[in-house]
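Colleague: Here is what each chain is made of, one letter per residue.
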Amino acid sequence: MVELSHDSRPIIGRGPPLIATFITLAIASIALMVTDQRYDQLERVRAWLTAAAYPVQVAVDAPFRAWNWLTGSFADRDRLRQENLEVTARLRLANLQLQRFAAIEEENRRLRDMRENSAGVAERALVASILNVDLDPFRHRVLLDKGKADGVFKGQAVLDGEGIFGQVWRVNERSAEVILISDAEHAIPVQSNRSGVRTIAVGTGDLSRLVLPFVTGESDLKQGDLLLSTGMGGVFPPGYPVAKVTRVERDSKATFAIVEARPTAALDRDREVLLVWFKAPAPEPPPATSASTAAAPPSTVAAPPSTAAGATPVQSAPVEDAAATPAPGGAQ
Amino acid sequence: MNRSNFWRRILYWLTVAAGLALAIVPLPDWLDPVRPDLALLAVIYWILTSPRIAGLGYAWLAGLFLDVLHGMVLGQHALGFLVVAFLTHRLQLRMRMFPIPHQAGAVMLLLALYHFIIFWTDGLTGHGYTGWNRWLPVLSGALLWPLIVAAGDTLTRRSR
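So the protein lines, in turn, are chains A and B. For the first sequence, this note's numbering begins at 1 and goes up steadily by one. For the second sequence, this note's numbering begins at 1 and goes up steadily by one.
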């Protein structure tokens with residue numbers, strides 16, 4: 001039985017009546033919701049409230065961080081040695097590839113300069129860790145420990161070692177919310193590495209699955225194709241891996257094929273991600289034919305121009321829309 | 001009297017803060033949808049024991065902080081908390097006399113209403129998730145109610 005406290009009498013003649021308070025606050029919450037949903041006026045209010053709530057988030061994160069630190073500092077010597085050896089070996093290999101890469105990059109820059117389009121190469125990156133905080137079980141959002149103070153901005157691309165991770169959705173003073181590419185409200189323009197087919201990959205709410213709802217039955221997509229970001233919409237840098245096609249199902253009666261892909265980034269395992277700054281592509285889109293080669297990575301320059309050029313005018317509008325703001329409803 | 005009220009206020013806010021913290025603690029995926037709304041249960045409990053200290057404004061602010069922590073549309077959980085707090089205030093004298101299982105049933109109805117409001121506003125703002133498992137916290141919260149009462153009673157008995 002609930003304990004009675006000393007103050008258990010009904011409220012009579014004390015302060016404003018209950019119903020008045022209720023109506024006032026109810027109107028206040030509805031007004032808040034409408035303002036927050038329709039306009040951007042509440043950024044400052046939210047910033048204050050977030051600052052007040054920040055200690056709670058840090059308190060929740062702290063034990064996990066402490067545990068990681070402890071296990072890290074008391075790791076045994078053999079394992080560290082082993083790790084060290086592995087890392088050295090990988091570094092040597094990477095350096096070897098890098099030597100070749102440096103030459104190619106130089107050549108690439110020269111070619112791009114010639115075409116006056118050096119856009120889209122990630123220029124600066126900042127490592128951010130993901131706070132151990134659950135935002136919502138049904139949405140794929142994570143909280144990073146970098147915010148406005150570090151120069152993070154809304155719509156910034158977030159990558160991990162293996163591909164595109166998501167984009168910044170809301171910036172606070174010392175933290176930032178990131179929407180993952182697998183969130184059901186997120187869509188990203190992609191292009192097949194093999195055939196150059198462009199389309200949009202939409203999140204499903206399942207960490208290991210993206211769907212490509214706008215692929216026509218005749219499009220040249222196969223299981224195992226690597227999907228790269230196209231850089232259209234200016235949110236994501238072009239040419240980074242996004243997902244691998246896992247399933248293609250064609251029905252001769254349906255207009256669109258059923259295509260699913262698996263994100264290459266380790267969406268559920270990452271603790272550290274990269275925030276990148278890159279020069280956004282030129283604002284006015286070049287003619288369709290040159291666009292198909294400009295945004296394409298070197299390996300797809302030889303893609304059949306008819307497919308790419310034909311697809312561009314149809315898809316550029318939803319692509320820009322979906323990529324710039326993951327608005328409710330995504331790309332539908 | 002005023003002094004003890006002051007400490008009670010602190011206590012009530014601390015319990016809500018703990019509930020809010022537990023609302024964002026990472027849980028394994030299978031357990032995540034079952035997570036009970038501890039902050040709301042704390043609010044209900046304090047309204048039942050001392051309606052004059054735990055008012056509507058208290059519930060509303062708690063809900064607003066939950067919105068901020070979850071990164072939701074501002075005012076969504078605040079509205080849910082407010083409606084539940086209002087009904088609890090109205091039913092307070094009756095609910096207090098219920099035996100615990102009966103009380104848990106009433107709490108379950110309140111939680112169902114709360115989740116309906118969240119569901120509804122989610123739909124209005126375009127984030128609708130319609131899976132059945134979003135209703136699981138209603139059940140887990142009701143099952144947890146006896147424990148909340150026991151814990152709360154222990155806390156208040158000591159501070160009195």
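Just so you know, these hints were derived from the structure itself, not from any lab. What you are looking at is a predicted structure, and each value in this text was computed from that prediction instead of being measured. Using N, Cα and C, we set each Cβ at its ideal position, and we do this for glycine too. Please note: incorrect hints may appear among the correct ones.
[As the list claims (entries may be wrong)] Covered by chain A, according to a simulated footprint, are these stretches of chain B (three or more residues, beta-carbon under 8 Å):
no.	stretch
1	25–37
2	44–58
3	75–84
4	129–138
[Claimed, not checked] Okay, the calculated beta carbon distance ranges per label pair:
no.	chain 1	residue 1	chain 2	residue 2	range
5	A	R247	B	L11	46 to 56 Å
6	A	V34	B	A112	44 to 54 Å
7	A	I258	B	A151	32 to 42 Å
Colleague: None of the hints should be skipped; say for each whether it holds.
Modeller: Quick rundown of the hints versus the structure:
no.	hint	result
1	25–37	holds (count 6)
2	44–58	holds (count 10)
3	75–84	holds (count 6)
4	129–138	holds (count 3)
5	A/R247 x B/L11: 46 to 56 Å	55 Å, holds
6	A/V34 x B/A112: 44 to 54 Å	25 Å, violated
7	A/I258 x B/A151: 32 to 42 Å	51 Å, violated
Against the hints set out earlier in the document, violations occur for numbers 6 and 7.
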